[in-house]
Every structure is written in C-alpha cells, then in structure tokens.
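We have chain A; now place chains B, C and D onto it with these hints.
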Amino acid sequence: MQERVKKPQFDVVGTRPVRPDGVDKVTGRAKYGADLKMAGQLVGKVLRSPHAHARIKSIDVSKALALPGVKAVVTAEDFPGQPSEFIPAGEGVVNYRDMTSNVMARAKVLYEGHAVAAVAALNEKTALAALDAIKVEYEVLPHVIDEMEAIKPGAPILHEDMITTGVTPAPTKASNIAKRVEFVLGDAAKGFGEADLIVEREFKTKAVHQGYIEPHACLASASEDGSAELWVTTQGHWVVRAYCAKLLGWEIGKIRVTSSEIGGGFGGKTVVYLEPLALALSKKTRRPVKMVMSREEVFKASGPTSGGTVKVKMGVKKDGRITAAEAEITLQAGAFQGSPVQPACMCAFANYDLENVKVVGYDVVSNRPKVAAYRAPGGPISTYGVESVVDEIAEKLGMCPIELRLKNAAKEGTRAAYGPKFGPVGLIECLEAAKESDHWKAPLGPNQGRGLAAGFWFNIGGETTVSLQLNEDGTLTLMAGTPDIGGLRASLCMMAAEELKMDVSKIRPIIADTSSLGYNFLTGGSRSTFSSGMATVEAARSIVKQACGRAAKLWDIPEEAVTFEDGMIRPAGENAGKHKPMSLSDIAKVAGKTGGAIVGYAAISAQGAAPSFGVHIADTEVDPGTGKVTVTRYTAIQDAGKAIHPSYVEGQYQGGAVQGIGWALNEEYIYGADGKLQNAGFLDYRVPVASDLPMIDTIIIEVPNPRHPYGVRGIGETPIVPPMAAIGASVRRASGVRFFELPMSPPKVLKAMKAAGKA
Amino acid sequence: MRYEKPTTVEAATALLAGQGARVLAGGTDLLVQIRSRILNPDVVVDIKGIDTTRKITKDTSGYTIGAAVTGAELKEHPTLSKDWPGLVEGANLIGSTQVQGRASLGGNLCNGSPAADSVPAMIAAGAVATIAGPKGTRTLPVEDIMLAPRKLALTAGEFIVSFKIPARPAHGGDAYLRFIPRTEMDIAVVGCGVALALDAGGTCTAARVALGAVAARPLLVEDGAKALIGTKVDDAALAKLEAAAKAACKPIDDKRGTVEFRIDVAGTLAKRVAKIALERARKV
Amino acid sequence: MAKHHVTTTVNGDPVEYLCESEQTLLDCLRDELDLIGAKEGCSSGDCGACSVLIDGRLVCSCLVLGVEAEGKEVETIEGMAQGDELHPLQRKFLEHAALQCGICTPGVLIAAKALLAKNPDPTETQVRYWLAGNLCRCTGYDKIVRAVMDAAAEMRGA
Amino acid sequence: MAHVVLIGNLRQYTGDVTQLEVEAATVRQLFRKLGETFPELAPHLEEGLAVAIDGQIYQDALLEPIGPESEVHILPQIAGG
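Chains as they are written, first to last, in the numbering used here: chain A, 1 to 759; chain B, 1 to 284; chain C, 1 to 158; chain D, 1 to 81.
Treat the hints as calculated values from the structure; they're not laboratory data. One or more hints might be untrue.
[As the list claims (entries may be wrong)] Here are the simulated DSSO-like pairs of lysine-lysine, each with C-alpha atoms no more than 30 Å apart in a straight line:
1) A/Lys441 / A/Lys758
2) A/Lys758 / B/Lys250
3) C/Lys3 / A/Lys31
4) A/Lys751 / B/Lys283
5) A/Lys31 / A/Lys190
6) B/Lys275 / A/Lys758
7) A/Lys676 / B/Lys250
Same shape as in the complex, but just chain A (with noise of 0.2 Å):
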C-alpha cells in the first residue's frame, strides 16, 4: 500500500533562497553553449538544403577542401548507416536510422534547413566560403507540408517504405502515416446515446517552436586516441553521449559529456544536431571545432513540436454529467516519424472522470523540420481541442465552466482512459481555488471576456545519480547529473539542507559530466526536481548514516545508539553514554582519519511520479476594428504537490502560461507554396514581449505526492497545457466569436467577427 506523507514542518523546503547559480548569471560569468574556447579551435557550419523535398544526386566537396583554411567537410558518408530498429533510449524510443538521417540527409533531403554537409575551417569566414564552394547537385520532388494534405492518397511520399502501423490487416502500400494509435475506455457508441446534448468540432494548430534564447552550440574535441569531449548546451549529457556515440560507433566510456549552462530547451534540446557533426570534423581534422547555430537554423533545422487537426465530439447529460467522449488527431511528426501523437491522445480527456471514451491518433510525416519534445508534448494540442467543447457545453447548458468541470473532474481512483487509475490529484483542489478567487469573480470590460480551461501532464521519474560529498570544513558539494535550465540547483540544495538540517549557503552544487557520475536520464518530463531531488534526499540520508556510524566509532558505542536530531549527531539515549553531541562539521574535520572521506551517492531509477493538474484563467480584450486580442488578465493554478523553492514553481507557471498564450495568439510556422520557411528568425515568428502581457497570477495548490519524501510532483510541462483553450474561452465571450484554428491572430478574428457582424 501507498503510505500517505504526514505533512511535515520543513525548515528550508517552502522557503527562497537565492539560487546557488544566480551570481555567475547577473554577472555574465555563466558559461553557456557558445561561451567556451578551446586553443586551436575551427568554426564548423553545416550547408542545409534549400529545398523541401529532394534526391541528392551527388555531393562534390572538392573545392570546398581546396579553400585554404578549410580544414575538413564531412558528409553522410561519414556517418555509418543505421539499421530502423526503435531503442529505447533518452527522449522515449528512438530509430537511429532516422536520427542519423536527420543529423546529415542520407540519399534525399526531406525539409528546407535538412543539412547535406559540413565544413570545418579556421574561421568563419572560410567556412562560410566552403559551403558556397560544396555543389550539390539535386533533383526537386513534389513536397507536401500540411498533415491533412500529407494523408490524401496521391500525396507526395517521403518514405516508400513506410508502411501504417497499428492498422489491421496491415496496408500494402507506403503512406505518410506512420502509426496510428487508439485508446478505448468503455463504449463510447454507448454513452452518445445516453446524452442530451452533442457537441463536434474540428480544431486545427500550428507547429510551433520552443524558442529558446539560446540556438544550439557546442565545441567537440576528438584525440588521436579514441577519446573525446564535447562541451554542449543540452538537457541531457548522457543522452547526448548515448546518440553521439552510436551515430559515430564510437565507445561510450570514450566520450566525456559535459552540459554548459542551457540557455532554455523546453525538451527542444533533448536531440542531437550539430554534436555528431562536432566531434566528426574534430576527429578528421585533430582539432576543437565549434558549432553554433544562426537563429535562421534553429528555426529551419531544430523541432518545433506538431501542428496538427484534433476532431472532439463529447456527449453530456442536461446536468452536465458527459457521458461519451471521442477525438481524433492528426499530428505533424516533421520528416520522420515520431510526433507526440501517443501522450496527446493520452492527455485528451485526462482532465475528466468518464466512462466512454475513444480516442485515435496519427502520426503523419511531411516535409518540414523533425519535430522535437516541446512542454507536455502533445498535450496541449489535444487538450485545446477538448477543453474548447467542454466551455462550449458550459455555454449551451448555461452551467459555469467551473461547475461544469467539478461534475466531471479526474480525482482519486478516476480511471484514466489510458487505463491505469489516479492516485491522489489535485484538479478539484485547482478548481475551487480558481471559483475562489478574486480573479474569476473580478467584473470585465467592454469587449472583454473571461475563459478557464484545464490540463493535465503524468510527470516522469526515471534513472538518476547524485553525488553529495562532505567536505573537510563541513561544506558540501552537489553533484547532479540533470541540466539546471530553471532553478534545479537551489531546489537540490534546498532539499540537501533540509536533510541535514544545515545552512542552504553551506552546499554549493554543480552539473557534472558524464565521466562524473553514474547515469542520469535527461531535465524533461518535469522530472528533474522529482527524480534528482529524490536521489539527493537519499545522498544525503547515507551521509547522516555515515556520519553517525563515524560517532558510533569515536563513542565506541554501536551505531544503532547514535541520531541525528536538529542538525547534531548525538547519542541515542542515556544507555548510549554520555557525549559530547558532533556537528557534521566535526565529523568532517576527523573523517580522514576515521576511514576516509565522507561522500553520499545515489543512483536509482526515480519511480513514483504523479501527475499534476492545473487550471487557468484569461481574461482579454478584443479591439473589434483590428481583431487584435490583447490579455488584461491571467490567473494560473496549479498543482505541486510540495513547492520546494515556490519562486521557481511560480516561475514555472508563468513561463509556461506565456508560451500557451503565444502559441494561442501569434505564434505560428508559416510556409509558402514553394514548401520554405517564411517567418524564420524572432521578427515574424512572434514570441510574446514583455509589453504584450498583463502581471501573470499564480496559487501554488500543495496536494502531496505520497511516492516522493517531500510530496513533491513534476510542474514544468502542465502550465502549457490550458492556456490555448482559456484563451479561446475568453476571446469567444469577448467577440461573441468561436474560433477553431490558432492561432487567433488579428486577421482571423476581424474577419471571423466581420462575418458574424461584430466588427
């Protein structure tokens, strides 16, 4: 059975302190991706295809190699072939084949950004002269970009060997549909004939980028014996190393890994690009050679995450009890297989508490950039698409959005309709603190409206190693092995501190390498809090135990006569004897001479992570002579079950809601006929400013997760996962207009609203 966390008293855990890394970061002294120099280093670039869909007929690199400077080019032929098989390995299961065709187009370039080669020269000038001087001779092939296009029959195909899985009997023929997928809870035929009321609606998104500050960097350097480094803006090291590795069939052990500082990643740096490339041109050329990419390739070349088309029908009773529920979704996986299709359908109705339900996903290729994880992969999709029908049956039964979901809400012992029943959750926690607040009862504006919308995200542990050595002084030192993107370090810390009931300032934590420490999973999935949170609380619960086994040896008492209480070790009871009670500092000063150095490591596979539920409110104001929306106000709640450093989680919910409400108003990847990129770089793919929005409220609900010492469940991913439908909600009420399509830019809604007479 589950044992249930006490709500303990905490000293350092709930309070806010200033994060260990914050210095080096307001000072500029942080290192990140692009930050390093190595003596002797060559600047590598990558010449990508300017074509979306296209066989390479040759490659000829000889002029490119006869530029002086130019040190090496390298081109798929440097990389060998890979066999399609699906490995489980970093980001869920991976096919190396398709990986290493992404990393450098093997016989066909399959998007515009598909990189065809790469020079390394003294500089990058030269080496921006030898992609010139490469010639690449190609024979242009029909391309097809949207999902729904990409499944007609007669579509351009981008992989003839591509056949449908999870279809019954199996097609013959190749397609652009890689997987189908369904999930089936009940009878959904069932429940529509059970309901009063039916609503369908088909809603359409765009691929959207993660658009992260920093573009992807690295600096690689290869010896003549085998081994190798590479410096790299990541969220995972040893993810990174695992691909590097097999991409160049290269030894593991060979390649020490270490993460910079990451300047954002929100799962688009949980792949490789320009890494294998790195270490490729350093290997033939004996030198450091760094890779940055221009704002231009990250856009073109990195994974957004899908576009895609949600088709929602749900069923409800007049009481508003939903009775059957059913989607289907269509998403962009990019050029190869693999979009998050699988956790959408999963997200679809995670937020209700249904017996009916069906839900079908697929996963469709076209020609444009593979798409990477992005914050709660997939589930903002689907969820756009079901919370919008579930505000829309608020609205036609007349019930209060609130009132409507608290009928339906997933709680404990919901069975989900990916089968397995929730724990403890928080959703109807969020719901009341949303009735509650001052926000949802605050009165609105002319051409304004209010919307609420929920979403849910699992929350992933997974293998983790921690290091925490006591040092002579009674410092201590944090290994982890999880990129720290938002603040990892002070709740590592923090959750050290608290175990050994110290001075947070006492314990100075670092990222190590891959040649540091055991194996650590990537920072994604909301996990790194959880997972190496949990594995510090056990580093540091083997340094008490250590420390009280050294004071057992000093006492000559046996160990089990020793605790540690309020930060001292002390003898057990009167029986014990009497001594004088030892700080860790005291035991760190004799540890050397008492069998050596103190050091507390832990490497496990995190299990035990719960899902987190949130809910949003938007207010917005629609200026009725542009179509413009503007948000006046936003309110996010949310689920943490323990906020260990709660700026950091406040800080969570607010990045997330910004980038909800970007993707739902502006954000967008914008192609013409001829299949190119239109809007690559910051001017015209639109990521919100700091003028653009209001202050972004947070309530941090603490529903604790039992599985975790301190009650705590991942938080990163869900604040992106409601904003698009509280959105719509709002700027439906605010424009008397209901939109089905983002985003809802300026253009769409004037003429949506011109249409139905409110321009």
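What follows is chains B, C and D alone, placed relative to chain A:
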C-alpha cells in the same frame, strides 16, 4: 568588405559613386542584411562622421533633421515632440529601445521597405529630403523617394543628408499609428500618418494622409486629405476618410497580413489617427 | 584587407582590438576581448540578448560594427557590479527569482539599467515597453518586471 | 494473479487480447510471461513500455514488485519536454 567613415559630404558621395557601396547610418537594417548574406557590399560608407547627418536644427521655417539622427535622439529633442509628435512616434516605433538607439530616419526610408514606420509620418508632415550627390545637392519630397520595394529615386553616389520638416501650422497636429500583431517589435502590417491644420473656427484647412505597408511604396492619399479639408473632422468626414484610405490600398497577401485585413485596418487606423491629430491640433 | 585597429573603453578600461570590417561589436566583445556576458540570440536585433551601452545609449551590439566603437565608451554586463557589490538590479533579480535559464539576463539587466538612468520611477507599462526588445522565453516577464520596479524603488530610496 | 490490461495498440500483437490474468511477482516476470504468451509482443516489451501497477506508473522498473491482486496496465512510455 571595406569600412569607410568620411567626414565630408563630398568624400561620402565619391565613395558611394563606386561599385557595391552602401550607406551605413544606424545599421539596424544594413547589418542584418549583411549578416544574413542578402547583401554583400564591397564598401560600407558610415555617414555618421558627417556633422550635418547627426544634427537637429530649428529655425522659423521648421526643422532640419540629419539623416542619421536616431529615434531616441528625436524623442529627446526639447521641442520636436511638441511640434511633430506623430513624426517622433513613428520613428520610435521602429524596433526596440535598443534599435531606437541606432535607427535613423534616413536609414528607415532608404532601406526601401513599404512598411517603414517613420515614412508615412514624414510624408504626412510634408518632409522633404536633402540629397547630396556627385552633381551637387537637390531636394525631393519624401513620398517621391521610394519607388518600389528596395528601389529608390536616388542615383549612384547620392545619399540623403537631412530632412526638412516645415514649421508646424498655428493649429496643426499630426499623429501616426501602425497595426502590428504584438505591441512591439513587429513590422507594420498597416501604418498611417495624418497631419492636419485647423482655422480658428476649427475647420480643417490643410491635411495630409499617408499610408504604409498597403502598397509597393508608402502612399500619399490625396482623397483622404480631401475628405478632411473644409470639414470639422466630424464623423461624416472620418467615414469619407476611411473610405478613401481603403480605396487607396493596393496590398498583398503575405505572412504578416491578408489583402482584406490590410484594407480594413487601413480604414480603422486612418480614422483613429485623424482623431488623434485633430485633438492635438485643437490643443495648440 | 587589413584589420582595423580599434581603441575604445570597455567598462572603464582602455582596450584595443583588431577587427575586420564585418565583425560586429558583439563579435569583438566575445571573440577578441573574451567578454562573453553579451549573448548572441538572433543576430538581427530582435532578442536583445547582446544589449550593451555605448556612450550611455542602449543598443544591440549585434547591430553595431566593431569598428564603430572607436573612441566610444562601451559598458557590458561585466561592468555592472562594483567589486563585490552587486548593482541593485542584479540583487533584485536574484531576490525575485527574475531569471530561470539566465541567457537573456545580461541583456535585460543592461537594458533595465539604461531605463532607470533615464527614468528612475517607471510605471509597470513603461518597464514593459522599454524591455520589449529583450526576449525572455522562461519567465513570462512577471518577475523581471517586479524586480526592475523594486530595484527602481530601492535606488530612489523609496 | 495480477489483472493485466494492455493499452492502445498492443492488442495488434496479442490477437486482440487486451485483458488477462498473469501470475507474476515482478515486472520482469510479467514481461517474460507475456512475451512467452504473445511472441509478437516481446520485442515491444523490450523496447520500452511503461507499466502502471495499481495506478502508479513505472518506467524502466523491471524489478518492481507486483502484488497478487494488483491491477497492471501496460502502456506507452511517457517522456516530456
């Protein structure tokens, strides 16, 4: 690429008369185009070493604004924002605070984009460019300088030294608004500048209406001015202005907006801008 | 083409560097002077991560040629703290948790410093518009705006 | 006997069987028995699936104990962004 920073107009025109020369003022467009390899000039001629390009002077006939004066400097001028607030607003909508620290009226115009924010405001204000060239100096109204995207009425060796902005009429006001999807950092989807003058009785005696981003070049909308002149700029006049503005548009569908949207918004903006200009004219 | 020899002042120190005409000030700061605090996020003036002050004026160093810094006073994030003493903005950013990944932070801090030099008592709206050229993808700007307002209040002695 | 439910597309490897009773004390034992019963399913069990034991999701946890009355769901692995 060579970098030259002449200190005289003559030296600059001589350099610019050569092959592959480009003017560098604020550089906020030029450097982006060089960096993204759209342009590959042999020589960039930094005109900021020439005193007259960097100064704002005022006399009874109005202002002379150096072509390389930045948006931030326009805003900081003690009287310009009072006399020509729309012009200053237009210049200060170009990019971010950072960009305003560099971007200039001359550069914004000569970049040759129909969406340049300062250009409709300059046209509305009746700005005239002073152009230096190998054959001497000439003047040209701002609305006649840009012919088509990236195409200017300047010949080899010519560059804009400064702009002459007339003195504000006694009861005159101007304004500029643009539409963008965000609040900042975007290129105008539609831009509109209006300058008008009233008589003592509040009747409009003169008006200039300009639109940006709705055609291949910024437009001076004569019918828009006609809709206002002789009226009290009442709702009927504004409705005529809206119609004239919409009728003048010859926009394209692109990633920033549709034809239909640009026409609609041009009408909306023209009315809103005229109202602000009217308020300003009434206050002085 | 010979390189330009540029003599300038960076964070109060006289410095010299050699640069090619194409090199931006950002390239020169990072590659020639090893001042890596200013970041390259876009190379087009759209993200503000490379913000520096030139003669007190806020600019994107990616939109300035290195050779243009001749004779100027350049200020970067590395010059913001005085000895061990963090600038109030830096302190408030830490206290308010106004950074997550931190890549935009140097640019935001420089921009905010320029704002407060010009306007010691900005409204929330003024802070938001002034910082519109500094993209932050992590924080949603909330804590950044609060930190700037709080630092302004402290610097005013309010 | 644990009650085992196969979620999503797994039915295509089991001849449409989605629910069955299996005697297994750990996830490893369960996977082995399922692999023996449904040979087509075996590679997928190896390539990374999650299990939910009485509602709690486990990933990469072959040694996790399964209670005699446990309800076990086998579902796709979950990652994140």
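Taking the hints in turn, this is what the structure says about them:
1. A/Lys441 / A/Lys758: 26 Å, holds
2. A/Lys758 / B/Lys250: 25 Å, holds
3. C/Lys3 / A/Lys31: Since the Cα atoms of C/Lys3 and A/Lys31 sit roughly 28 Å apart, the hinted pair holds (cutoff 30 Å).
4. A/Lys751 / B/Lys283: 37 Å, violated
5. A/Lys31 / A/Lys190: 59 Å, violated
6. B/Lys275 / A/Lys758: It holds: about 23 Å lies between the C-alpha atoms, which stays within 30 Å.
7. A/Lys676 / B/Lys250: 25 Å, holds
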